[in-house]
Amino acid sequence: MSDHQIGLTINGRRHVASVEGRMTLADMLRDDAGYTGVHLGCEHGVCGACTVIVDGRAVRSCLMLAVQADETEIKTVEGLAEPDGTLHPVQQTMREEHALQCGFCTPGVVMTLAALTSGNAQPSEESLLKALSGHICRCTGYQGIRRAAKRLAAAGSGDAA
Amino acid sequence: MNAEVPGIGAAARYIGKRVLRKEDPRLLTGRGQFVDDISLPGMLHCAFARSPIARGRIVSIDSTAARDVPGVHAVYTAEDLAKVSFTMHTFFMVPTSVKTPTLAEDHVAYVGEPVALVIADSRYIAEDAASLIEVDYEEEDPVVTLADAKSGQPVHPELEHNIAGQMGDEDIDEDLEAAIEGAPHRVTQRVIHPRISQSPMETRGVVATRDGPEELTLYITCQSPHTIARWVSLALGLPQTAIRVIAKDVGGAFGLKNHPWKEESSVIIAAMLFGRPLKWIEDRYENLTTANPAREQDITLRIAFDNDGKLVASHSEYDLNNGAYPQAVDDGMAAQMFLWSAYKLPAYGFLTRAWYTNTTGLAAYRGPWAMETLVRETALDKAARAIGIDPVELRRRNLVKLSDQPTASVLGLPLEDITPAECLEKLVENFDIAAFRKEQAEAREQGRYLGLGVATYIEPTASAGSMGVMTGELAQVRIEPTGKVTATMSTHSQGHGTATTMAQVIADRLGVPYEDVTVFEGDNSRGGFGPGAAGSRQGVIAGGAAIKASEMLADKVKALAAHLLNANPENITIDEGMVHVEGAEEMSRSLSEIAGIAYGEPDRLPQDLGTGLEVQYRYQPPPMTFTSAAHACVVEVDAETGFVKILRWISSEDCGTVINPAVVEGQISGGLAQGIGMVLLEEMPIDDRGNTTAATYKDYLLPAISDIPDFEFLHANTPSKSIGGMRGVGEGGAIIGPPTLVNAIADALSPFGEIDILELPLTPSRILDLIEGRDISGSAARHQAQAGAQLEAPAAAEAAAPAGQAAAPSSGAETRIDGDWKMVMKTPMGDQEMTGHFETDGGTVSGYLASPEGDQNFTGTVDGNVVKFDLKVDKPMKITLKYNLTFEGDSVSGKVKLGMMGSAKLSGERL
Ligand code: FES
Ligand code: FES
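These protein sequences, in sequence, are chains A and B.
Heads up, the working numbering is the position in the first sequence plus 31, with the first residue counted as 1.
Heads up, the working numbering is the position in the second sequence plus 1095, with the first residue counted as 1.
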């Protein structure tokens, strides 16, 4: 098995690694780089728990190989809150809406919402809910997740509740 | 929430409030600690080689190639693991009734059974090597379905049949049958529930490390670290204290993670043998195809009503596929116990049986007995349509109301404060049924099919004291010298938010800010024993323990403050961390000041008080606390596609005191989503060779956000009899959700007819079966084929002609009853041998039965060669045994009714 040298930026820090060709990005992020907030719920692209932001886009890290992430910029759930601990608006809204129970699906949900609401993006409620239909949460029945998505959409359109 | 909290009173400060969860900042920022996040120095990784066949003999295992893979450290088979003595136990902490190996020994009994364990540098390498292990099998035909189990070869060679457990009457009571058949209205409902996957988003997993000669530390995803320590210590024959179990965060469990099973046990033994920390994290493929699944049940319920729609009698026959190695045999008795518990039913009988098959062994899933609510509530709606009565009205006429209590259910369950009827009234007050019926009629004219479903139920929660593993809970609460509060609880959260709700209760009762309370759990070296999340119990029992411990601690603070401030303890209050003396605001002191003295200045304490501010209390609640609910949902069924859209859902539940409405609603919502999954999507199909054919989440469909509507909540708050007045709420949504939705779909489809056999999930093709009046899904053909096969199947050993009936009174032969007879009674607990002495005198008989437990005299009646008498016994419980014996020549046979335990056959011969 051949090893490959890769270099990338994770949560603003440079990370250099030597990875096997078959290693997934998720395993590299968890085991090599130590970002265990990246969760693996299925390893076949259905549950969304492993979602991270790669060059600005929400990506399922179980479906991407680590070598494909060479020279990319990655954000994981560990890189969202302010250094002083202030939660990212997505995290804060999720908390206020009781959008999590066990917290296993949560990092993926947070990263999808963070990617879609970042910068000047003004996603509609429908587009956020559609994106969330690719995330499985077995605990909450999605009530708080939906409320959070609605609030985030409203906030983006300037008529925050 | 209102300030007036039932059971707590107007003084509630945090109980009943939607406070933010303590767990969330960690979990939202990736700082959770799940088992796969644990990495220890020297740790190696495991993977399993698994059986590709459902049944067969292992001829040979060749692991040479696997051992040669660079990075592989060891390959273990059952022979290697045998060096450590290990006995698999059930959930009830007794050894399994059939021998359950960790790794398969000489034969395999289901597809995916682990056969060998590879230890390697990485999971990648371990899986490479596992695939190189060559196992030679002599394959046999597997027993897969319930029908197979009834006629096929025994799964376990040590048994003569496939019955894993049985309760109830094999032959329906004649009077009951007559009552059913003679009633003006009768309905039969058969429900076939597929096998399903609990599917916590975090799969199973363990890190086992042997630190110290006698010590084992386990990081394991579980429902209670205490249960794990107890189970593993029993399995290994080690003291419970030799095992440390840490499970900080758990990504859901739902019944799957009660205790270790074959895989976790194999890794634990391997870690002891190999001497380095080992990690095994189940992947989703393994989880779906080989983790202990749930359900797979088939029930037929018959109900009879009088002309007013009142219940007359009912009977059910229930079969449960328990797989090869169930975590605890489920014979369906719990379902029978609760089937009619909330309804006024005069007569009930049942036969319930657990079957072994060559499939993965059964485990629990949220509301393991939920079939009772599903079959009853869907049958009631079917009956309502047949009788022509409103489904709500039908329930109204039969439900046990508060004013009917105290009373007991038909099977003797005491009822004191259940409120399903009241929840139903509250529900219909908040939903305009008449308006809906109008809308429904208009929609039908446009070819749109709307339906309304209503269901009610009660749920046994917070069980403690009647089963050895279901204990009370311990709260250890202390005010630190800094004035902050630490609680160590016996609870465990897999998303339940106990660190939040317990902190709320403590802050409330102690009089400190919520932010000042920290709750520790998830480590058996810290808290006292508690069975964790099982049976909707933690909020009720641990909540009660936390209330009591906090009040005891508050009393200590008050006693100390009174002494220091020269005041009367009665006049001291604690609020938001400040200690006040009534009417003397200038004397207020902070809790930290008082705590500093309690710990550091013993001279200033009253003599008998003792230093420190620490209290512990173990709460033993009433044996059972019932939660009640009524739900309604509205659906639209698309007659073109068979798709179901849920338009509205209202929950009206009574869980007593609500500690945190957001947590309570979260529990109900999660359960309802699982219920919706069960009705519309989830199914774990198994082919006729025993292969699970849903191996990914593309085949096994879990509900997504687009499948789940917004839920509306109505809380009734009838305080329970436990401290604080809470009632459990963990499982209810998954129990009442399915019948509510099925009823709505059946109502929508009623213009097309009745769903004959309710087979879940109600996929679009099954719904189109009814709409188009043809067998699109192929279900009907399958049922017919199975029914035919059962008719043809040779009578299995257990299905031999019932003894009591075979011996019909014969006319000619002269039978002498008088004398001594040797008899054997076949009971659910095993064979019971006895000697009977009979003396007849005209139409009466007297005598005694002699057994190792002692002699018992009886008197009874004789009619021809049939003898009937009753015996009262105290053990194992107080019941009256009703003997009905037929004598023929030198042999006797018959039946003994064992109260609600069903009946037993008896046979014997003259001595
Ligand atoms: S783990 Fe990547 S989508 Fe499920
Ligand atoms: S919170 Fe547990 S899976 Fe979503």
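The set of hints was computed from the structure by calculation and includes no laboratory data.
Ideal Cβ placement from N, Cα and C applies to all residues, glycine included.
Honestly, I wouldn't trust all of these hints.
[As the list claims (entries may be wrong)] In the DSS-like style, the derived pairs of lysine-lysine whose C-alpha atoms are separated by at most 27 Å in a straight line are:
| # | chain 1 | residue 1 | chain 2 | residue 2 |
| --- | --- | --- | --- | --- |
| 1 | B | Lys1793 | A | Lys161 |
| 2 | B | Lys1977 | B | Lys1439 |
| 3 | B | Lys1643 | B | Lys1112 |
| 4 | A | Lys181 | B | Lys1439 |
| 5 | B | Lys1579 | B | Lys1112 |
| 6 | A | Lys181 | B | Lys1117 |
| 7 | A | Lys161 | B | Lys1740 |
| 8 | B | Lys1816 | B | Lys1651 |
| 9 | A | Lys181 | B | Lys1740 |
| 10 | B | Lys1992 | B | Lys1963 |
[Claimed, not checked] So the derived label-pair ranges between C-beta atoms look like this:
| # | chain 1 | residue 1 | chain 2 | residue 2 | range |
| --- | --- | --- | --- | --- | --- |
| 11 | B | Gly1563 | A | Gly76 | 43 to 49 Å |
| 12 | A | Gly87 | B | Ala1529 | 50 to 56 Å |
| 13 | B | Pro1441 | A | Ser155 | 36 to 42 Å |
| 14 | B | Thr1791 | A | Lys161 | 20 to 26 Å |
| 15 | A | Lys181 | B | Pro1441 | 31 to 37 Å |
[As the list claims (entries may be wrong)] Below, a sample of chain B positions facing chain A; criterion: calculated Cβ distance under 8 Å:
| # | residue |
| --- | --- |
| 16 | Leu1115 |
| 17 | Arg1116 |
| 18 | Asp1119 |
| 19 | Leu1122 |
| 20 | Glu1297 |
| 21 | Asp1344 |
| 22 | Asp1378 |
| 23 | Glu1381 |
| 24 | Ser1764 |
| 25 | Thr1791 |
| 26 | Ser1801 |
Here's how the hints hold up against the structure:
1. B:Lys1793 / A:Lys161: holds, 18 Å
2. B:Lys1977 / B:Lys1439: holds, 25 Å
3. B:Lys1643 / B:Lys1112: holds, 19 Å
4. A:Lys181 / B:Lys1439: violated, 46 Å
5. B:Lys1579 / B:Lys1112: Holds, because 21 Å separates the two Cα atoms, which is no more than 27 Å.
6. A:Lys181 / B:Lys1117: holds, 24 Å
7. A:Lys161 / B:Lys1740: holds, 16 Å
8. B:Lys1816 / B:Lys1651: Given pair Lys1816 of chain B, Lys1651 of chain B holds - Cα atoms ~26 Å apart, limit 27 Å.
9. A:Lys181 / B:Lys1740: With a Cα-Cα distance of about 21 Å, the restraint between Lys181 of chain A and Lys1740 of chain B holds, given a limit of 27 Å.
10. B:Lys1992 / B:Lys1963: holds, 11 Å
11. B:Gly1563 / A:Gly76: 43 to 49 Å: holds, 44 Å
12. A:Gly87 / B:Ala1529: 50 to 56 Å: Hint holds: Cβ distance 54 Å, inside 50 to 56 Å.
13. B:Pro1441 / A:Ser155: 36 to 42 Å: Because 58 Å falls outside the window, the suggested range is violated.
14. B:Thr1791 / A:Lys161: 20 to 26 Å: holds, 22 Å
15. A:Lys181 / B:Pro1441: 31 to 37 Å: violated, 51 Å
16. Leu1115: holds, 6 Å
17. Arg1116: holds, 7 Å
18. Asp1119: Since chain A brings a Cβ to about 5 Å from Asp1119 of chain B, closer than 8 Å, the hint holds.
19. Leu1122: Since the shortest Cβ distance to chain A is 3 Å, the answer is holds.
20. Glu1297: With a closest approach of 5 Å, the Glu1297 of chain B hint holds.
21. Asp1344: Cβ of Asp1344 of chain B sits 7 Å from chain A, so the hint holds.
22. Asp1378: holds, 6 Å
23. Glu1381: Glu1381 of chain B check fails; min Cβ-Cβ to chain A is 11 Å, beyond 8 Å.
24. Ser1764: holds, 3 Å
25. Thr1791: Hint holds; Thr1791 of chain B Cβ to chain A Cβ min 5 Å, cut 8 Å.
26. Ser1801: holds, 4 Å
The structure shown violates the earlier hints numbered 4, 13, 15, 23.
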